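Q: Could you build all of it, start to finish, from the sequences and the hints given here?
These protein sequences, in sequence, are chains A and B.
Position one of the first sequence corresponds to residue 1 (the numbering used here), numbered consecutively onward.
Position one of the second sequence corresponds to residue 376 (the numbering used here), numbered consecutively onward.
Just to be clear, a hint being listed does not mean it is correct.
Here are the simulated DSS-like cross-link-like pairs (lysine-lysine), alpha carbons at most 25 angstroms apart as the crow flies [claimed, not checked]:
1) A:Lys166 to B:Lys447
2) A:Lys166 to B:Lys397
3) B:Lys497 to B:Lys541
4) A:Lys122 to B:Lys397
5) B:Lys397 to B:Lys541
6) A:Lys72 to A:Lys122
7) A:Lys72 to A:Lys116
8) B:Lys397 to B:Lys447
9) B:Lys497 to A:Lys22
10) A:Lys22 to B:Lys541
11) B:Lys447 to B:Lys491
12) A:Lys166 to A:Lys22
13) A:Lys72 to A:Lys166
14) B:Lys541 to B:Lys491
Honestly, the hints are just simulated from the structure, not real lab data.
All figures in this text were calculated on a predicted structure; none of them were measured in a lab.
Protein chains: 2
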Amino acid sequence: MALLTYLTTAHFDFGAIARLPKEMARLGISRPLIVTDAGLVRAGLLERVTDQVEAGSSLPVFDGTPANPTEKAVMAAFAQYGEEGCDGVIALGGGSSMDLGKAVALLAGSGGPLDKFDPANKGTRNMTAVAPVIAVPTTSGTGSEVSVGIIIVMDDGRKATFAGPKLIPASAICDPELTLGLPPLMTAATGMDAITHCIESFLAPTENPPADGVALDGLWRGWSALKRAVDDGSDREARWNMMMASTEGALAFIKGLGAVHSMSHAAGRLSDLNLHHGTLNAVLLPAVLRFNAPGQEERYARLRQAMGLEPGADIADAIAGLNASIGLPANLTEMGLTEARLGDMVPYAVSDLATRTNPRPVGASEFEALYRESF
Amino acid sequence: MALLTYLTTAHFDFGAIARLPKEMARLGISRPLIVTDAGLVRAGLLERVTDQVEAGSSLPVFDGTPANPTEKAVMAAFAQYGEEGCDGVIALGGGSSMDLGKAVALLAGSGGPLDKFDPANKGTRNMTAVAPVIAVPTTSGTGSEVSVGIIIVMDDGRKATFAGPKLIPASAICDPELTLGLPPLMTAATGMDAITHCIESFLAPTENPPADGVALDGLWRGWSALKRAVDDGSDREARWNMMMASTEGALAFIKGLGAVHSMSHAAGRLSDLNLHHGTLNAVLLPAVLRFNAPGQEERYARLRQAMGLEPGADIADAIAGLNASIGLPANLTEMGLTEARLGDMVPYAVSDLATRTNPRPVGASEFEALYRESF
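A: Written as structure tokens, this is what we have:
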């Protein structure tokens with residue numbers, strides 16, 4: 001049975017951040033906790049937000065979001081939320097800040113601990129309420145501003161995915177203006193995250209044709225815009241299209257994702273390496289696309305169309321070529337990941353939520369082979 | 376500013392009608408008015424619905440839906456809704472029954488007269504509440520089960536469009552099983568309505584890339600399935616894809632439609648002719664596609680991709696070819712419409728809501744030329 005749900009509202013355009021006061025009023029937020037990271041504060045992006053709000057400079061800010069959000073950081077931000085008497089969250093940043101902010105709002109609405117929401121134990125039904133969240137992305141990749149999910153590195157070392165309709169931010173303000181200053185390498189890495197979302201969600205076997213269409217539009221847009229955005233960060237049209245591809249990728253992955261994300265999550269949890277999620281996706285995508293190809297002729301043909309490739313062109317090679325042209329590493333080894341960590345990753349990839357929606361069944365031996373192909 | 380809203384929930388698959396009792400309970404409907412037409416009752420489709428509900432045969436039924444729903448019929452059904460003490464609507468049928476049922480629910484929730492909701496006078500804000508509607512399509516074309524609009528021929532002769540998020544049915548049950556008996560000509564005519572929705576909404580200048588993607592997926596699906604569904608009504612895969620194309624077309628036209636619909640509405644209001652909406656769209660589409668082509672190279676290229684046409688192929692010719700191959704008339708003259716009625720149609724086309732979102736400005740003289748080209 002195909003269950004089609006249209007889920008969220010996003011205000012999307014250059015200057016959209018000016019809507020912040022309206023959205024706060026609409027959602028009854030008078031004292032938000034702004035969840036972000038120190039780099040964004042230094043980059044002046046926090047001010048871009050607080051300038052929109054009366055007495056914005058007096059709003060409580062949690063800027064301790066780690067590169068990969070941890071349960072520990074979530075609990076610290078949640079404590080601040082309570083101490084400051086907050087009534088909502090403004091989640092400002094990339095996927096890490098947005099996911100952390102969404103987690104704080106979940107705890108504020110439904111109580112803790114985080115683990116009780118684990119989908120592996122049907123925890124989604126414990127998401128009874130969520131405090132209002134206004135998500136403001138400053139990268140174009142994660143799409144967390146419209147997604148049903150959050151990903152947190154738990155105290156026990158798992159990189160856990162929590163998902164449920166209530167986790168969709170009550171409001172998303174997508175202002176490409178906020179991405180104009182994003183450095184080339186971050187533009188490339190986050191952009192490949194968006195492209196991976198579009199490709200993996202389109203290939204997920206879940207029956208949801210509207211989401212398929214959204215994924216292909218996002219891929220069409222992102223594929224033609226990413227290199228331009230990397231080469232010239234001030235290319236406003238490319239920035240607009242990358243942010244839209246990011247939003248569309250996340251709207252589409254209501255279908256679920258696939259083996260790239262399973263492997264990426266399993267590697268991203270290695271706290272000593274602190275690897276970037278989008279970069280991992282970019283590096284892992286070619287091997288997984290080769291693995292998933294059998295029986296996917298029609299879907300791969302539609303991917304080629306969206307990417308403007310010739311009929312029969314090798315999509316995996318095209319991805320590897322784009323990675324190289326935008327300065328991303330060619331393999332996991334270049335990222336500092338070694339085969340010695342295989343045992344540390346494979347079991348986590350097997351049990352990752354995204355594994356359930358990979359178009360081709362994939363277990364421990366397949367994951368090991370896919371990692372080896374990517375070293 | 377692109378405003379992206381994901382709006383509705385549809386239960387979609389063969390046998391989905393079995394969900395009816397669950398959906399009634401979820402929406403708190405204990406005594407629905409079933410709005411349908413006499414033909415569907417004769418075809419046994421009413422029973423297919425009432426068989427799902429305890430004491431279903433005792434439910435009040437309004438089966439007086441005309442081929443094009445009129446204000447008069449809406450008021451008659453609304454009177455029955457009140458007399459029977461109904462608390463919701465099951466709208467069963469094609470676009471006419473579903474639009475009429477949605478209109479009854481609107482009057483039940485926000486009071487009358489219908490005219491006070493006219494968007495031309497900002498009437499949408501008068502849609503304060505709408506009684507719960509479960510929409511059950513029995514054709515694959517209108518997509519009214521997920522759409523924000525209803526179209527009613529008013530007592531004063533206008534074919535008026537009312538639109539607003541509250542008009543989206545609270546529940547849509549899309550069961551392709553209910554379309555297996557649809558005769559070839561109705562399959563063709565309603566199917567071209569769905570295809571026209573996908574094409575016109577994709578070309579509408581409104582900024583909504585996710586809706587663009589949904590429209591192209593619907594076109595891709597409908598274009599390959601329609602002739603198969605016409606040639607063999609029992610082709611379940613083709614029926615499934617046509618119903619999905621219909622749903623996707625309506626999800627997409629949140630962007631708005633275009634000149635084909637303006638002209639089709641203006642002709643459909645001629646009560647002496649009682650012309651079929653989908654057939655009018657099919658016949659008018661080629662001329663409008665030729666008219667809209669200038670400056671649309673990229674969008675037309677994406678339409679060709681979705682339709683599997685060669686680069687540079689004439690889309691208008693392809694549509695005319697499909698029309699001929701599925702037994703639809705080649706022009707308005709064959710439908711019994713004559714140039715003598717031009718004065719009766721052009722002004723209504725100019726003022727139609729869909730005219731605002733045609734990609735190329737279109738006024739009285741252009742509409743007259745487009746009609747003449749279609750005679």
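Q: Against this structure, judge whether each hint is valid.
A: To see whether the hints hold, each was checked on the structure:
1. Of the pairs offered as hints, the one joining Lys166 (chain A) and Lys447 (chain B) is violated, with about 42 angstroms between alpha carbons and a cut-off of 25 angstroms exceeded.
2. For the given pair, Lys166 (chain A) sits about 22 angstroms from Lys397 (chain B) by alpha-carbon distance, which is consistent with the 25 angstroms threshold.
3. Under the criterion of a C-alpha separation no larger than 25 angstroms, the hint pairing Lys497 (chain B) with Lys541 (chain B) is consistent with the structure, at around 15 angstroms.
4. Annotation: proposed proximity of Lys122 (chain A) to Lys397 (chain B) holds, straight-line Cα distance about 22 angstroms (limit 25 angstroms).
5. Note on Lys397 (chain B) and Lys541 (chain B): the hinted pairing holds, with a Cα-Cα distance of about 21 angstroms set against a maximum of 25 angstroms.
6. As the CA atoms of Lys72 (chain A) and Lys122 (chain A) are separated by approximately 23 angstroms, the hinted pair is consistent with the 25 angstroms bound.
7. Proposed proximity of Lys72 (chain A) and Lys116 (chain A) is supported: the alpha carbons are some 15 angstroms apart, at most 25 angstroms.
8. Proximity of Lys397 (chain B) to Lys447 (chain B) is assessed by CA-CA distance (about 32 angstroms); at most 25 angstroms being required, the pair is judged violated.
9. With a C-alpha separation of about 22 angstroms, the suggested pair Lys497 (chain B) and Lys22 (chain A) falls inside the 25 angstroms cut-off, and the hint holds.
10. A threshold of 25 angstroms between alpha carbons decides the hint, and for Lys22 (chain A) with Lys541 (chain B) the separation of about 22 angstroms falls inside it, so the pair holds.
11. With a C-alpha separation of about 15 angstroms, the suggested pair Lys447 (chain B) and Lys491 (chain B) falls inside the 25 angstroms cut-off, and the hint holds.
12. About 21 angstroms separates the Cα atoms of Lys166 (chain A) and Lys22 (chain A), which keeps this hinted pair within 25 angstroms; it holds.
13. Of the supplied pair hints, the one linking Lys72 (chain A) and Lys166 (chain A) holds, its CA atoms being roughly 22 angstroms apart against a limit of 25 angstroms.
14. Restraint check: the Cα-Cα separation between Lys541 (chain B) and Lys491 (chain B) comes to about 15 angstroms, which is no more than 25 angstroms; the hinted pair holds.
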